[in-house]
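For reference, the chains in residue letters:
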Amino acid sequence: MSFRSAALLVLITLLCCVTPAEAAKISDVVETGTLEQARRFFSLTDNSLRYALFGSILLGISCGLLGSFLVVRKMALVGDALSHAVLPGVALGFLWNMTKDPVAIFIGATSAGLFGTLVVGWITRTTRLKEDAALGLVLASFFAVGGCLVTMIQRLPTGSKSGIDKFLFGQAAALSSQDVTLMAASTALTVILLVLFYKEFLVTSFDPVFARVTGMPVRLLQELMMLLLAFSVVVALQAVGVVLVSAMLITPAAAAYLLTDRMHRMLILAALFGSLAGVVGAFFSFLGNNLPTGPFMVLGASTVFGTAFFFAPRHGVVPRWWRRRSRGNRISRENTLKAIYRVLEDRGFSDEGVTLEELSALRRDTLVEIRLQAAALAQNGLATVDEPRGTIHLTPQGWRQACAVVRNHRLWELYLTNAAHYQADHVHEDAERIEHVLGEETVRHLERRLEFPHHDPHGRIIPSLREFDRYDAQRAPEKPSGYRQQ
Amino acid sequence: MNDFIPNFDARAVFVSPWTDTFATYGWIMLMGFLVTVACGLIGNYLILRRMALVGDAISHSVLPGIAIAFLVAQSRHSLVMFGGALAAGIVTTLLIETIHRRSRVKQDAAIGIVFSSLFAVGVILISLFASQIDLDADCVLYGEISFVALEPLVTIGGIGIAPESVFVMFLVAAVVATLVILFYKELLVSSFDSGLAASLGINPTIMHYSLMCALSVVVVSAFRSVGAILVIAMLILPGATAFLITYRLPKMMVLSVVHSALSSVLGVHLAIWLDCAVASAIVVAGAGLFLLAWIFSPTQGLIARFRPQLLPIEAART
Chain A
2 MSFRSAALLV LITLLCCVTP AEAAKISDVV ETGTLEQARR FFSLTDNSLR
52 YALFGSILLG ISCGLLGSFL VVRKMALVGD ALSHAVLPGV ALGFLWNMTK
102 DPVAIFIGAT SAGLFGTLVV GWITRTTRLK EDAALGLVLA SFFAVGGCLV
152 TMIQRLPTGS KSGIDKFLFG QAAALSSQDV TLMAASTALT VILLVLFYKE
202 FLVTSFDPVF ARVTGMPVRL LQELMMLLLA FSVVVALQAV GVVLVSAMLI
252 TPAAAAYLLT DRMHRMLILA ALFGSLAGVV GAFFSFLGNN LPTGPFMVLG
302 ASTVFGTAFF FAPRHGVVPR WWRRRSRGNR ISRENTLKAI YRVLEDRGFS
352 DEGVTLEELS ALRRDTLVEI RLQAAALAQN GLATVDEPRG TIHLTPQGWR
402 QACAVVRNHR LWELYLTNAA HYQADHVHED AERIEHVLGE ETVRHLERRL
452 EFPHHDPHGR IIPSLREFDR YDAQRAPEKP SGYRQQ
Chain B
6 MNDFIPNFDA RAVFVSPWTD TFATYGWIML MGFLVTVACG LIGNYLILRR
56 MALVGDAISH SVLPGIAIAF LVAQSRHSLV MFGGALAAGI VTTLLIETIH
106 RRSRVKQDAA IGIVFSSLFA VGVILISLFA SQIDLDADCV LYGEISFVAL
156 EPLVTIGGIG IAPESVFVMF LVAAVVATLV ILFYKELLVS SFDSGLAASL
206 GINPTIMHYS LMCALSVVVV SAFRSVGAIL VIAMLILPGA TAFLITYRLP
256 KMMVLSVVHS ALSSVLGVHL AIWLDCAVAS AIVVAGAGLF LLAWIFSPTQ
306 GLIARFRPQL LPIEAART
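Residue numbers (the working numbering), protein chains in the order written: chain A, 2 to 487; chain B, 6 to 323.
Keep in mind the hints are simulated off the structure, nothing from the lab. Honestly, I wouldn't trust all of these hints.
Unchecked claim - Computed beta-carbon distance windows for the label pairs:
1) Arg-326/A x Arg-55/B: 34 to 40 Å
2) Ala-28/B x Arg-156/A: 22 to 28 Å
3) Arg-156/A x Ile-95/B: 35 to 41 Å
Even glycine gets a Cβ: it sits at the ideal position worked out from N, Cα and C.
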């Protein structure tokens, strides 16, 4: 077992130990029965609970959809800046008539967020400061202005009960029917615009120059995207909170990005993950007697991302590690096959069996190593090992693979000397690597290009396709007629 | 609305913090200055190395570090907090690197994912164990700088010197300033020309990780006073303002110190007038100074840019 797999095992064991411990602590805090709470959550009898659930699903959808565009355009932290910059707008919207009027807060927050992104643009265009500094600066400065305003509101006699602090870490249970209506409207708008202008958004995201050439209003589309983004951030505020809303934009979309290469699939997956994270967050926050919702949603999204990071079929760490391992194993098997072929070739293919000693002499390897390699061949049905006599016999399939590898190797050597004019003593190393990756088609092409050669630059015979079946032919009398293994 | 913006009482705002209530506000101003100056000195290099957002990430992710250190050690000793924060800082940097290298997620998204997850862990820990961790959500966001004057004084030889957190912050700021001066050349070269730095035998990885460690220490010592998010402003604003005024690194460092001093004094006055969170007010004042530099900077300001430029030949003649 390699070091990496051992490390992975340790990590998984650790995680398994940590999770129950964590869960136990959480349940300690909850006074009422957890099961009872869970049952209440899923029965959906409670009105406020239903709003919380719908709200979480809606915000997951709109954040996931727009976050996907942020992630593929490498603008993830623009979302972060925008989400912090809305705070002064929330406070001003609240001041409008000293209530948590969703519409006023929506307008105030959207304008503040958009203004923040505009300021980032101005700073990067008119100063030497780079985008990262501009983002951090706007994010924290706007947040500070918002912080001043919020503490000033809380000082007011009516302000202390305003619930404006719920905007910081989010409280899904505080969603009202008005909030959910607004969320539904904004999400619907986002979905409709994305469906209508999908092609335009796609092209401007991946190739803005091409988009401009084909006459698309790139600038307008980008501004529309920022507007929708601001909508989805503001709509999510109440449930996730100012501080963590950017995670709902980035994390589900990044998880989806690991799972697919097509934008439309990524959008669907991101919306799915987003709403899943939303529901999980609302659930846990409800279980824990109205703990802040935002952090739980973010952790839900992070869990999805972590799973995708490790187990995504194509881009995940574990499948990639597995593929690399199996490729390494195949290469080592092919090298053993090649060595067996060489031993057989040296004695003119007179006898079938190859002893382990002969192999270890040729490969300059210990007998133990060779025995392991032989076992690997036997396990894959490429050879049979005669333990008492210590000999290896290739199966027909093994013979064919051995011939193919040797053929790849020698054809490539010949190609390098004849077509690329390498010195004959410089080609072996290169061929040693490429013999494992040459495809059937390339080999046939090489053969035609070299006019079906018989000998490699070192004078050895290149096994031809006819050669592949020679082994069968030798054994043919023992087998029932018509036997041909593919 | 009248309640919202209090009447401007010049005496209360400008005079009394320096006279009657100096015992309180003097410490707050000093603390604000020390925090901003330590952050600002490190921040200069974050701006030059385009790592401003790594500062963002670390400032968020020290929260779980502090919370876990509290829970494990059951003590709020500064060293425990530094340990937790350093560990959190290193974990953040490593996680970002791992996600960025081992998958096709780009660095910006990796930063966003890591710091938000860690911050979420921190917030959950704080809300679950509120009785054991003496941090609350408000402190995480705005800091509690106005409480420094209430802390017991650190005494050396029986003489009270300074409130504990001011004393710690002073040590941190002094260490940062000393390091920045001592390793001035190394920082300069490795920030502007990593190739030259490598050829001079300065290991870029070591420089990077030492800067990250210094950053974590500064962020955690500032954390109680200014919270997780405002720290970003303290890191970036002084350097960014100075960056708009000068082209020379030594001048930039001096100017960022001046910016820190001005913003903390102005911020405290602003907070007294508006009766709002002091740390936020310091950042607002700092942002105001940045705005001034952006508009009026003699060489790079908006006004200077839009003034008709002399042709190079005329400029040479004058």
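Inset, instruction - Please name the hints from earlier in the document that this structure breaks, with their numbers sorted from lowest to highest. - result: When the structure is compared with the hints, none of them turns out to be violated.
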